Each structure stands twice: as C-alpha cells, then as structure tokens.
Amino acid sequence: MSIVSKGLLIIAIFQLLHSGFSSYEFHQILKNISSTNDHMNNAAIESLSLPKDIVYEAISASILFALSMFFSLEKPEYLPIRNIDGSEKKLKPLKGDYLKEIALNKSTNTDNLIGAITTGEISYTPSFINIHEKRRIVKQWILENENEVSETKKEK
Numbered sequence: 001m002s003i004v005s006k007g008l009l010i011i012a013i014f015q016l017l018h019s020g021f022s023s024y025e026f027h028q029i030l031k032n033i034s035s036t037n038d039h040m041n042n043a044a045i046e047s048l049s050l051p052k053d054i055v056y057e058a059i060s061a062s063i064l065f066a067l068s069m070f071f072s073l074e075k076p077e078y079l080p081i082r083n084i085d086g087s088e089k090k091l092k093p094l095k096g097d098y099l100k101e102i103a104l105n106k107s108t109n110t111d112n113l114i115g116a117i118t119t120g121e122i123s124y125t126p127s128f129i130n131i132h133e134k135r136r137i138v139k140q141w142i143l144e145n146e147n148e149v150s151e152t153k154k155e156k
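Numbering (our numbering), first residue to last: 1 to 156.
To be clear, the hints were calculated from the coordinates, so they are not data collected in a lab.
Here the structure is a predicted model, which means the values were calculated and not measured.
Hints are supplied without guarantee of correctness; some may be wrong.
Using C-beta positions, here's what the derived DEER-type ranges look like [to be verified]: (1) D111 with V55: 54 to 62 Å; (2) E148 with N109: 40 to 48 Å; (3) L73 with K106: 45 to 53 Å; (4) D53 with S107: 53 to 61 Å; (5) I11 with N112: 54 to 62 Å; (6) A116 with I11: 56 to 64 Å; (7) H132 with N109: 35 to 43 Å; (8) N109 with G20: 54 to 62 Å.
Using N, Cα and C, we set each Cβ at its ideal position, and we do this for glycine too.
With these hints in hand, go ahead and build the complete structure from the sequences.
Laid out in structure tokens, this is it:
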C-alpha cells in the first residue's frame, strides 16, 4: 500500500466512525425529546430525520475508502525462470510485460493455414450435437451392415 492509499484509508475510517457516532448521538437526543415532551406531537418527532451533514459524511467516507482501495492496487511482479538473454544470472522481476497484446488473426494463423475451424471447440461440443440425427445415421448404418454384424456374432 502506498502512503496516499494509507492516508485516504485512515481518513475514511475516522470519517465513518465520526458519522456513526453522530448518528448515535442524534438518535439518543431524539429518544430523550420524545420521552420528556409528552405534549409534543409524535408525528412531529417522527418527521425529524437524520441531518444531511451526517449522511454526506458517511457517503464521503465510503467514497474515500473506495479510492484508497484503488490506489492500493499494484501491478503484479513475476520472476522469470531464466533471464531474457538465457543466462543464469540473478533474476530480475518482470513488471507489466508478462502479457503482450496480439491480434486475433495472428493467434489463429495456424488454424487458418490448415483449414481448421477456429470456433470448433465451441460448435462441436456434445451439447450442440443433434442427437436425433446421430441416432438416425447409426440406425441406417446398422441396417446397411446387418449381415456383417450378424456374421461376427456367429463367429464368437
């Protein structure tokens, strides 16, 4: 965590604690007023709501907390198995260059050259196969090769 994120986190925590305590005090005062003043209308007491400064303080604390979490994020560092030049010297951590962008046509270049369908893993999964059509094909094959199947059963 950087110093900025730690500072924002501390400020956010103090603001949230202060707004919570202020809300508690407000509700305690509201209880005391309602119990001591019997002549006041209950509807007037219930119409009193939490002051806006307490609400704004809680909202700003949550925004500062979210900002501190975003500022605390860092890029991951990875140690390579070997150095880039192939030597076995002291390893240096890689920063941010562990994944490079490539175009989709470059990644599927081999598939395109051999004529394979690049989306075959998706379109040929068992959940997308027409089972009724496959059963019809198998039944037709069995009827065409019925003599060969019966001869192999007799030999056993």
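Structure-inconsistent hints, enumerated in ascending order: 3
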